Amino acid sequence: MSTYTRKDFNVLAEQHYELRPVKRGYNMRTLYVNVGTRTIAEKPVSETMKAKFVGGKGFGLKLLWDGTRPTTKWNDPENEIVIAMGPICGNTNYPGSGKSLVVSISPLTDIPIDSNVGGFFGPFLKFSGFDALELQGKAEKETIVFIDGNEGTIQLLEAPADLPTDTHVLAELLTHAFAHDEKDLQNVSVVSSGRGAEVSPLGLLNFSLYDKRRQGVRVKQAGRGGIGHVFRDKKLKALVVRYAGVHQDSNGAANPAEVQRIGLKLHREIVVNDDRQCKMRRQGTAHLMEVMNDYDLLPTKNHRYGQDPKGPEIASWVWEKLLSQHLPDGCWYGCTLACAHAVDHFELQTGPYKGQKVCVDGPEYETAAGVGSNLYVYDPHGILELNFYCDTYGIDTISFGTTTSFLMECWELGIINAEFTGGIDLSWGNWKGAAQILHDMVERKPFGVLAGKGVKFLSQYFVSELGADPQLMKDIALHGKGLEQSQYISKESLAQQGGYYLTNKGPQHDEAWLIFMDMVNNHLPTFEKKAEALHYFPMFRTWFGLQGLCKLPWNDIEPADNHKYAEPNKVPEHVQNYCDLYTAITGEPLTPEGLILQSERVYNFQRLFNIRRGYGHRKDDYPPYRAVGPVLPDEYFARQERYDKQIREKIGLDPSTMTVEEKLKVIREYRMKQYESLVDAVFARRGWTMDGCPTPEHLRKIGMDVPEAIETAEARIAGRI
Amino acid sequence: MIKYLKTDDSKCVGCMTCTAVCSTLYFKEDNPAKSAIQVQDKGRGEFHLVACDQECRKCVQECPTQAITVAKTGVVMINKNLCVGCLACVAVCPIGAMRFFPGHRYPFKCIACGACAKECPKDALSIAEKEETAESRAWAEVIAAVAQPKE
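Residue numbers (my numbering), protein chains in the order written: chain L, 77 to 797; chain Z, 4 to 154.
Read the hints as simulated data drawn from the structure, not as lab findings.
Remember, predicted model here, so these are calculated numbers, not experimental data.
Among these hints, one or two may not hold up.
To be verified - Heads up, simulated EDC-like pairs for lysine to aspartate or glutamate below, C-alpha to C-alpha not over 20 Å straight-line:
1. L/288 - Z/144
2. Z/83 - L/260
3. Z/83 - L/257
To be verified - Distance windows between CB atoms, simulated:
4. L/259 - Z/135: 20 to 30 Å
5. L/349 - Z/11: 26 to 36 Å
6. Z/144 - L/348: 47 to 57 Å
7. Z/13 - L/104: 51 to 61 Å
8. L/636 - Z/76: 50 to 60 Å
9. L/104 - Z/44: 45 to 55 Å
10. Z/141 - L/78: 31 to 41 Å
All residues carry an ideal CB built from backbone N, CA and C; glycine is no exception.
Work out the full structure, taking the sequences as your base and the hints as a guide.
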């Protein structure tokens, strides 16, 4: 592999900026870069912006709103990719504090997507002097944006023609090219995508961190919603930031000793409790595998089933053996929860890198379920290989898993065959077939390109081009708003159906994960209680995105006495930690209620962003039926006792006198009616009209009274948009 | 071999000479909270001396930036230029020998310099050497297992 030095990158534009330390978590300026016009500019952050939008996703959405029009499409030059951090981001004491929030108009959903990602880029960008990076325009030449946070320079550079695009090669080359010497490698972080993202709207962004022990670059993913596709469409090859000098108080905290105190308290809690709780330090999120399989929640064969006897073949203990142990595998300094594990020296069996030994980042639970059980793949090697190629090609494992499982089901149902797939065998469990889709995608072969378009497109295409049954396609294409559903079975939890589909961006579990509260522990027996949970948890979890935080240290580690609190599901002690941490860094007081209010403002603004673009109606918030109940007779038979019981007890009919078709019909009617009642209750609780629009009164009450928000709500209610 | 500060609780009378020497040497003030050697009062005239045994090296394993390394003498050292002050090392130390002072950017620990041992009036402290063990070598084996082979 050839190497590159700084001299290999022609300077297209350059600007110097004044270096200033971060004060109380903020720089109070953002960086605007237009790669089309080659404009580089600083934008001040106003006190109003700080008060109303807080930071992170709030800043991202505000900048994206101001930078685009209601009609802007994902591939218009004016679409933006905004990477924003938040006031708490970058502190090294509290675990999970290194997250960046990326927003853009999504090629999958045509509305704003937001994705929460680790890696060093966000903290380094923040300490370089900016609260956000706003990228706009389309470059003429393959472009790299380079920010040197020590020298105070921003450069637009032309990527050499022979520079590879796949992340595991590109990020390594750029890290070495932009580091001053070997010791400086850890001070460089790269954002890149891959060849898959050039053709597929499932494209993602990889954020790198230099791993000193492995002496190599590792990556974390801003996976959801196709931001990598936007990135490559802009001819952005990579973003590179260099910042040396991170220290305990790089955030300029109001009370650095208090930041230490709160952080150390959680470090100790993790060190003592993690082995007895989630084992994140050993297994990462893959610790969930057998739990989900045991509770009938692990997606199997395109979410038809939630369980399989083969489940234990990809259980947590299998991953624990494969993942390298006893390493501080956090995705940012000071994260002792350390879930960012990797499999080292993994030999690839397929594709252009066949035979090479690589480091595979993961698998996370979502990946192990998405390209594992959901494809009926129970071979850990297959999962790891799909994981690796998705990452390096810049493809989201969640969307790819859900799309491929849909294709495999269509193969089983006889809708597609080998002639259609260009010879790829898509039988359940054939991971090499799934890998071939990825390889064909980057080779731009017809089926690879088609498969990369995602579930919504494919389900409509199979109706129009192959004469597939429209209702069946609608039922089994697991997406909401165009975004593929993530990897939990939601059939038996009405609250989780809402948790997936009453979301701003589409069915991603980061807003609410209520399955255990609802289905297992029956803590949400009424519509009102479900609605309260579907208010509180999405608002609470939104706050992580405003601050640059990770969700995991909130409830994947809990205080030993958490069960003694009145509402243990909220992990009250950790909520107080967050309030205290915010105050210690910003100097501003914050109560748990104030925390929810900060989120509620931004959450409603995001809903209004959808509305501004012509979406955000009630009709946009419905699930495909596969996410609600059994679509096919064999799904019914697999859980006949459960469904018969429901027909008898909830619907009041006698299942013994009914055909399976009749039973499927009444179950469906009953469950969809339940969903309607849930929507009514949730919209009411959120202060929205029954069509899902925040009312101007509610916006004023919560303080989201910026003119564009009020005007948009009034226009929707008046029927103008 | 591992150089370390050997402690003998049975000889300690709690005079705090060692903490004064240590904190004055490294922090220019006599303050037990800033001393790498700690004297814990057990009551009834008994004391427990706490200092890094240089052997378990859990902090070396945990440090995200490899600011904590093992010197040729076997002593565990903190490089302040690399330390980001996360305090993960403080949390994993099983005996509380990795210390920090609130508001200071870096943790600190005993580096077996021997200054306190020289001044101890009761010979409760001394600089000694011991053999490496499986535990003391574990951190290096972890790195050897994952490092990418050099081309």
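Hints and how they fare:
1. Restraint check for residue 288 of chain L and residue 144 of chain Z: satisfied, since their Cα atoms lie roughly 15 Å apart, inside the 20 Å limit.
2. A hinted pair counts as satisfied when its Cα atoms are at most 20 Å apart, and residue 83 of chain Z with residue 260 of chain L qualifies at roughly 15 Å.
3. Only pairs whose Cα atoms come within 20 Å are accepted, and residue 83 of chain Z paired with residue 257 of chain L is accepted, the gap being roughly 19 Å.
4. At roughly 27 Å, the beta-carbon separation of residue 259 of chain L and residue 135 of chain Z lies within the given 20 to 30 Å, and the hint holds.
5. The beta-carbon spacing between residue 349 of chain L and residue 11 of chain Z, approximately 35 Å, falls within the hinted interval of 26 to 36 Å.
6. Restraint check, residue 144 of chain Z to residue 348 of chain L: a C-beta distance of roughly 25 Å breaks the suggested window 47 to 57 Å.
7. As the Cβ distance of residue 13 of chain Z to residue 104 of chain L is approximately 59 Å, the hint placing it in 51 to 61 Å holds.
8. Look at residue 636 of chain L against residue 76 of chain Z: about 39 Å separates their beta carbons, and that is not inside 50 to 60 Å.
9. Between residue 104 of chain L and residue 44 of chain Z the CB atoms are about 49 Å apart, so this pair conforms to the stated range of 45 to 55 Å.
10. One distance hint, 31 to 41 Å for the beta-carbon pair residue 141 of chain Z and residue 78 of chain L, holds here, with the actual separation near 38 Å.
The structure fails hints 6, 8 (numbered hints given earlier, in ascending order).
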